Amino acid sequence: MKISTKGRYALRLMLDLAEHRNDGFVSLKEIAERQNISKKYLEQIIPMLNSPDLLQTNRGFQGGYRLAQSPENYTVGMILRLTEGSLAPVSCLAQQPNTCERADNCTTLHVWEGLNKVINDYLNSITLQDIIDRQREDYSNNYII
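In my numbering, the protein residues as written are 14 to 158.
FYI, nobody ran anything at the bench for these hints, they're computed from the structure. It should be emphasised that the depicted structure is a prediction, and the values quoted were computed from it without experimental measurement. In this text, a Cβ means the ideal position worked out from N, Cα and C, and glycines have one as well. No false leads were mixed into what you were given.
Just the calculated beta-carbon pair ranges, DEER-fashion:
1) Tyr-54 to Cys-113: 30 to 36 Å
2) Ile-16 to Val-124: 18 to 24 Å
3) Lys-130 to Gly-37: 35 to 41 Å
4) Ser-64 to Arg-147: 22 to 28 Å
5) Asn-86 to Cys-113: 31 to 37 Å
6) Thr-70 to Ser-138: 25 to 31 Å
7) Arg-147 to Pro-102: 24 to 30 Å
8) Val-124 to Arg-47: 36 to 42 Å
9) Phe-74 to Glu-150: 34 to 40 Å
10) Arg-72 to His-123: 49 to 55 Å
11) Pro-110 to Gly-37: 40 to 46 Å
Cut-off 25 Å, straight-line C-alpha distance, at most; resulting in silico cross-link-like pairs (DSS-like, lysine-lysine):
12) Lys-53 to Lys-42
13) Lys-15 to Lys-52
14) Lys-130 to Lys-19
15) Lys-130 to Lys-15
16) Lys-19 to Lys-52
17) Lys-53 to Lys-15
18) Lys-19 to Lys-42
The task is simple: from the sequences and hints, build the whole structure.
Given below as C-alpha cells:
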C-alpha cells in the first residue's frame with residue numbers, strides 16, 4: 014500500500030482547517046498558500062471530502078470551508094479512505110465479503126488480514142487533534158538559546 018499525493022494533501026488540507034477552526038470559513042487559496050499546494054489540486058480533492066458531516070461550506074465574499082465537527086472526531090483512516098479508497102494491502106481484502114476464488118485455500122490470507130487490521134487500527138487511532146497536539150508538543154520542546 015502506498016498513500017498517494019491526493020491522500021497526503023487531503024490530510025494536510027483537513028489539518029489546516031483544524032488548526033484554523035476558530036477563523037471561520039477558510040478559503041482554498043489560503044490553505045494552498047500555507048500548505049504550498051496548488052489551489053487547482055485542492056479543488057480536485059475537496060469534492061471527495063465535501064459532505065455535510067465532514068465540512069461546512071460557505072459561498073461568496075467570506076466563503077470557504079470549515080470542519081463540521083471537532084478535530085478529535087476525524088481520524089487519519091477516515092480521511093485516507095475517502096481519498097484513497099480501500100487501505101487494504103492486497104486487492105482481495107478491498108471488498109467485503111472477500112470474493113477471491115482462492116480465499117478458502119489461501120495459505121497467506123491470514124498474513125494479509127493481520128496486516129490490514131494493523132493498518133486500519135493504527136490509522137483509525139490517530140485523530141486530527143492528536144496530530145495538532147503532537148506538533149505543539151514538538152515545538153514546545155524545541156528550545157533555542
